[in-house]
Amino acid sequence: MQRQIRPEDVQLGMYIRKFGGSWFDHPFWRARFVLQTAEDVATVRQSGVPFVQIDEQLGAPLTPPSASPILVPVSAGTPTPTSLKRFQSASRWEDDEKSRERFDRQRAKALLARSTQILRGAFADVRLGRAVRIDEVTSIVEDVVESVDRTPRTLIEMLRLKKKDEYTYMHSVAVCTLMVNVARHMGRSLSETRDYGLAGLLHDLGKMGIPDDILNKAGKLTEAEFLAIQNHPEHGYQVLLKSPNMPEMALDVCRHHHEKMDGTGYPFGLASTDISEVARLGSICDVYDALTSERVYKGAYSPVEAVSEMWRWQGHFDAALLFTFMQSIAVFPPGMLVRLRSNRLALVLENNRRSSRPRLLTFYATVERSFIKGEVVVIEDNLANDSIVAAATPEEWGFDDWDRVLRDLRGKHPKLVSG
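Counting in numbering that gives the first Met the number 0, the final residue of the sequence shown is number 418, and the numbers go up one at a time with none missing.
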């Protein structure tokens with residue numbers, strides 16, 4: 000059962016589902032979590048939010064039950080209280096891996112359905128010349144932050160399966176998710192992380208002013224059609240300016256996510272440090288999702304194909320941030336030379352079909368500056384094995400004859416080393 004209670008009535012162990020008022024007013028970066036410390040309880044009690052909604056199926060009940068219960072309908076695709084009950088026990092949760100994955104996919108599916116519905120309404124308002132209702136769209140970001148915090152891979156993978164007729168909405172949610180994920184990886188603050196997410200969600204708002212026949216055109220655009228495309232960042236920026244309490248990051252990414260590091264982007268032809276870090280990340284997340292999505296005029300790249308292509312585009316992206324993005328999604332181009340936490344150099348290998356984790360061939364000790372016996376390493380999410388800390392180049396490590404090094408490695412590991 001879900002209840003709406005006063006903030007001063009919250010207790011340790013309660014599962015918070017929602018805070019009353021705007022997300023800008025409550026003290027946490029996400030709703031939907033268990034109050035696990037006395038400090039969290041005190042923070043909620045002193046927050047000044049009008050109410051707190053708790054879920055007694057997932058956490059401690061209100062004692063005594065002085066508040067009136069609010070029964071919330073379960074929408075299609077949302078896990079039922081019966082299914083949720085199965086996961087109250089942390090030990091059971093860990094023991095039932097398949098059920099957990101199935102449950103996480105249900106939650107992600109429900110999130111995407113709800114997000115599509117909200118964005119349809121928000122984008123329709125923009126077409127009618129209205130401002131964005133920020134409280135509605137920030138609720139999507141809250142859901143995405145929670146999902147990424149729990150199981151980032153699940154939502155990212157499901158977003159790749161977006162339907163063609165829902166591309167506009169799901170692309171926005173996908174870029175939001177990728178932005179939250181990379182912000183989390185970079186250790187950004189709680190408030191920054193949600194601002195990254197909101198910026199990703201609203202980055203393409205200006206496309207609401209472009210006819211669908213231009214957006215989905217399979218052939219070459221005319222000069223007038225391309226000009227319309229180039230105007231969408233500024234159009235979106237002007238729409239967001241009319242929306243109260245819009246974070247600066249959202250304005251920045253909306254206006255500048257098509258700028259390129261070499262100055263050949265649009266609408267202003269900015270270059271290098273004239274483009275903010277968050278706008279550079281917005282560009283990376285936008286292009287990655289576009290490449291990995293199927294459209295009426297193109298097929299979808301695999302994640303590896305997408306990052307491999309993006310890594311080759313000289314002058315388009317900030318190379319250091321693109322590498323950070325790869326780290327956040329654990330996808331790297333085969334053949335890339337990388338440095339590991341264990342002070343070794345390694346080559347990224349082609350992945351087996353069954354494996355979604357990066358596979359590497361180590362071959363060089365960076366401290367001793369000497370070649371070592373090759374070892375295949377799989378990078379796990381928990382980083383228990385090892386981790387990739389930086390991209391490397393043959394020149395910086397004194398490999399004057401890099402082609403010979405590659406030939407030697409192929410000779411010892413012919414089936415493993417990528418060309």
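Derived by calculation from the structure, the hints in this document are not laboratory data. Do not rely on the hints blindly, as some may be mistaken.
Claimed, not checked - If you anchor each label on the Cβ, the simulated ranges turn out as follows:
#1 T221 <-> L127: 44 to 52 Å
#2 G268 <-> L240: 20 to 28 Å
#3 S190 <-> T323: 38 to 46 Å
#4 R340 <-> R294: 52 to 60 Å
#5 K163 <-> E367: 39 to 47 Å
#6 A389 <-> S275: 17 to 25 Å
Unchecked claim - Below, in silico cross-link-like pairs of lysine to any residue (SDA-like), each with a Cα-Cα straight-line distance of 20 Å or less:
#7 K108 <-> E145
#8 K297 <-> E165
#9 K163 <-> G19
#10 K163 <-> F122
#11 K108 <-> R119
#12 K372 <-> T323
#13 K372 <-> R409
The beta carbon of each residue, even a glycine, is placed where N, CA and C say it ideally should be.
Hints and how they fare:
no., hint, in the structure
1, T221 <-> L127: 44 to 52 Å, "violated, 27 Å"
2, G268 <-> L240: 20 to 28 Å, "holds, 22 Å"
3, S190 <-> T323: 38 to 46 Å, "violated, 20 Å"
4, R340 <-> R294: 52 to 60 Å, "violated, 38 Å"
5, K163 <-> E367: 39 to 47 Å, "violated, 53 Å"
6, A389 <-> S275: 17 to 25 Å, "holds, 23 Å"
7, K108 <-> E145, "holds, 14 Å"
8, K297 <-> E165, "holds, 16 Å"
9, K163 <-> G19, "violated, 35 Å"
10, K163 <-> F122, "holds, 17 Å"
11, K108 <-> R119, "holds, 17 Å"
12, K372 <-> T323, "violated, 28 Å"
13, K372 <-> R409, "holds, 13 Å"
In summary, the numbered hints that this structure violates are 1, 3, 4, 5, 9, 12.
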